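> Sequence:
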Amino acid sequence: MVDVAPVVDGGNRPAKSVVGEEFAVTATVFREGHEAVSATVVLTDPLGGAHHLPMTRVNAGLDAWSATVSADRTGAWSYRVEGWSDPYGTWNHDAVIKVGAGVDVELMLEEGAQVLERAVAEVPRSKEQAAALTDAITGLRDTRDEPEVRLGAGVSAAVRGELAARPLRDHVSASPEHPWLVERDRALYGAWYEFFPRSEGATFTDGTWSSGTFATAAQRLTAVAAMGFDVIYLTPIHPIGEVNRKGRNNSLHATPYDPGSPYAIGSAQGGHDAIHPDLGTFADFDDFTARARELGLEVALDLALNCAPDHPWVTEHPEWFTTRADGSIAYAENPPKKYQDIYPLNFDNDPEGLYAELLRVVRLWIGHGVTIFRVDNPHTKPLGFWERLIAEIATEHPGIIWLAEAFTRPPMMHTLAKIGFQQSYTYYTWRHTKSEIQEYATELAGPAAAYMRPSFWPTTHDILTPFLQHGGPAAWKMRAALAATLVPTYGIYAGYELREHVARPGAEEQIDNEKYEYKNRHWDEQNDTLAPYLTRLNEIRRAHPALHWLRNLRFHYSDDDNILVFSKSRRVYDRDDTILVVANLAPDHSRDTVIHLTMPELGLGWHDTFTAHDLITGEHWNWSEHNFIRLGPESEPVHIVHVSSDNRWDQHA
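Using the working numbering, read the sequence shown as starting at 2 and increasing by one per residue.
No lab work stands behind these hints: they were computed from the structure.
Keep in mind the model is a prediction, meaning the values are calculated, not measured.
Derived DSS-like pairs (lysine-lysine); straight-line CA-CA distance at most 27 Å: (1) Lys520 with Lys338; (2) Lys339 with Lys520; (3) Lys382 with Lys516; (4) Lys382 with Lys339; (5) Lys516 with Lys339; (6) Lys338 with Lys516; (7) Lys382 with Lys338.
So the derived label-pair ranges between C-beta atoms look like this: (8) Ala392 with Asp589: 46 to 54 Å; (9) Val150 with Gly62: 30 to 38 Å; (10) Gly271 with Thr223: 24 to 32 Å; (11) Ala395 with Gln470: 38 to 46 Å; (12) Arg364 with Thr434: 38 to 46 Å; (13) Arg294 with Thr599: 39 to 47 Å; (14) Asp513 with Leu360: 36 to 44 Å; (15) Val150 with Gly11: 49 to 57 Å; (16) Tyr558 with Phe348: 43 to 51 Å; (17) Pro337 with Thr206: 36 to 44 Å; (18) Asp513 with Thr396: 39 to 47 Å; (19) Leu360 with Asp560: 54 to 62 Å.
Glycine included, each C-beta is placed from N, C-alpha and C at the ideal position.
With the hints as extra help, turn the sequences into a complete structure.
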């Protein structure tokens with residue numbers, strides 16, 4: 002056999018899934034001559050147990066075979082494909098033709114009996130399982146019956162079913178064993194909410210700000226959990242450098258009251274293993290993570306390997322930085338951007354010493370309740386460092402999840418995923434047209450899904466696109482709805498609920514950026530907010546398992562290039578859960594059009610009708626293959642439709 006897939010980097014790195022996630026293992030299987038061929042995929046679980054699953058020929062002309070597989074537990078699995086000659090299939094094919102034509106009748110019936118005798122003798126099976134075969138052997142040799150009757154005994158459904166489950170296999174050839182890493186559900190599915198702890202509860206009195214604390218930030222967790230989020234993501238919580246501290250809106254001149262960027266980590270008060278004293282103590286942080294767990298929230302911490310000029314490492318380990326020709330230490334740059342308040346680490350001079358220290362830092366935060374790391378700019382650090390670090394942490398804490406914040410070239414983003422990062426930021430933030438979204442999402446849900454799991458964010462604390470700068474409430478709803486339904490993991494940055502849409506002149510980021518100042522949003526005083534809409538999106542996501550997977554994404558058609566249509570389906574026990582999304586990509590204007598559904602992708606026949614239940618508005622319509630729709634600012638910008646003949650899912654959504 003050839004072309005086994007999925008295989009990552011020639012089998013040098015594992016394909017990935019989470020527990021229960023289904024995906025297809027495919028291969029091209031053939032042999033010389035005219036004998037029947039079949040194939041099996043063999044799954045090996047973490048304890049060494051083998052699980053044989055029959056493969057199905059999906060394209061006879063191209064010898065393409067496929068099997069849908071999934072794992073029932075986390076750990077290091079593997080799989081291989083075995084191609085084999087099928088003596089029963091060969092006999093079945095020839096016997097039906099020859100006996101029907103009256104050619105070599107007795108010979109064919111006897112050969113069938115002998116094949117089944119081999120199957121009984123050579124393949125382990127219980128007495129009850131063997132009964133179908135032994136009965137068929139007797140029937141094939143019963144000369145009192147007509148040949149057609151005797152043949153019928155040998156090709157009965159009972160015989161074919163038993164041999165499908167426990168086949169007689171000749172000339173078995175196996176592919177190499179391919180690694181497969183099965184992780185917990187949060188590695189694929191989750192809704193993230195980001196905030197700056199110092200802003201939650203910050204106060205402004207007599208012209209000066211006082212920082213929020215872990216205690217005041219913990220009070221915000223109740224509302225975050227009530228909106229249905231799964232992860233609370235914290236920007237860095239460490240001491241902030243005094244040297245070259247940035248002021249408001251990235252100014253080079255900070256006042257004594259400017260808190261500085263939390264990404265400029267380190268001061269005389271400590272570095273990556275310390276907490277900013279304004280936020281509290283480690284005991285306070287432990288109370289924060291405990292409260293998050295009580296509310297069902299996991300804590301994600303920003304791991305930003307940046308150092309302020311006054312970080313302790315600068316004097317204790319100058320070899321960990323880049324020294325320029327004039328003796329100064331190089332600060333970070335991403336031309337035309339300059340980060341005078343940050344020194345990047347240099348991994349070349351003392352890689353072992355730096356590795357040991359960063360391993361210690363990560364272990365420290367895991368010990369205080371952090372289960373996810375959002376890594377800032379991992380593509381600017383050695384890949385070998387990340388691969389080693391993630392692997393070593395996985396041996397101690399296999400449930401830890403790593404998200405790569407790497408807005409960089411696709412090969413680097415894909416390689417970060419292959420070496421261990423479970424999730425990745427993506428280009429979704431800048432994909433707005435129908436063709437852009439379809440092309441990008443199809444790529445992510447295709448072969449890349451075997452190792453890379455995308456996280457969609459409409460905005461971040463660094464990014465505010467022109468589309469949202471100028472779009473109204475419908476635009477903000479639409480972008481959140483697409484992020485929440487196109488992929489299993491998405492994120493919201495605090496303030497999205499309030500549509501903070503004013504940009505700093507000349508930049509794709511918010512004015513008065515929270516990276517450089519406190520921002521008390523006075524949540525209790527807000528009335529015009531998208532929080533109810535985000536809550537509804539998360540309720541729908543939790544109620545519908547179809548939205549928990551990535552590889553089940555299918556696009557449909559519309560007559561209007563501003564109308565995007567896609568669906569996701571998943572079978573849960575004996576029910577199909579199918580969600581159909583119709584989105585107006587220009588939501589500040591009404592659009593009338595006809596959408597065209599590929600009905601089999603919805604689990605329906607081409608001429609079937611179904612009740613479309615809009616999970617946002619509660620409306621119901623009778624839909625079929627072709628449907629007229631109207632979406633615009635006077636209604637909702639997105640239909641999130643449940644497709645089902647009963648209301649089992651609707652009761653929970």
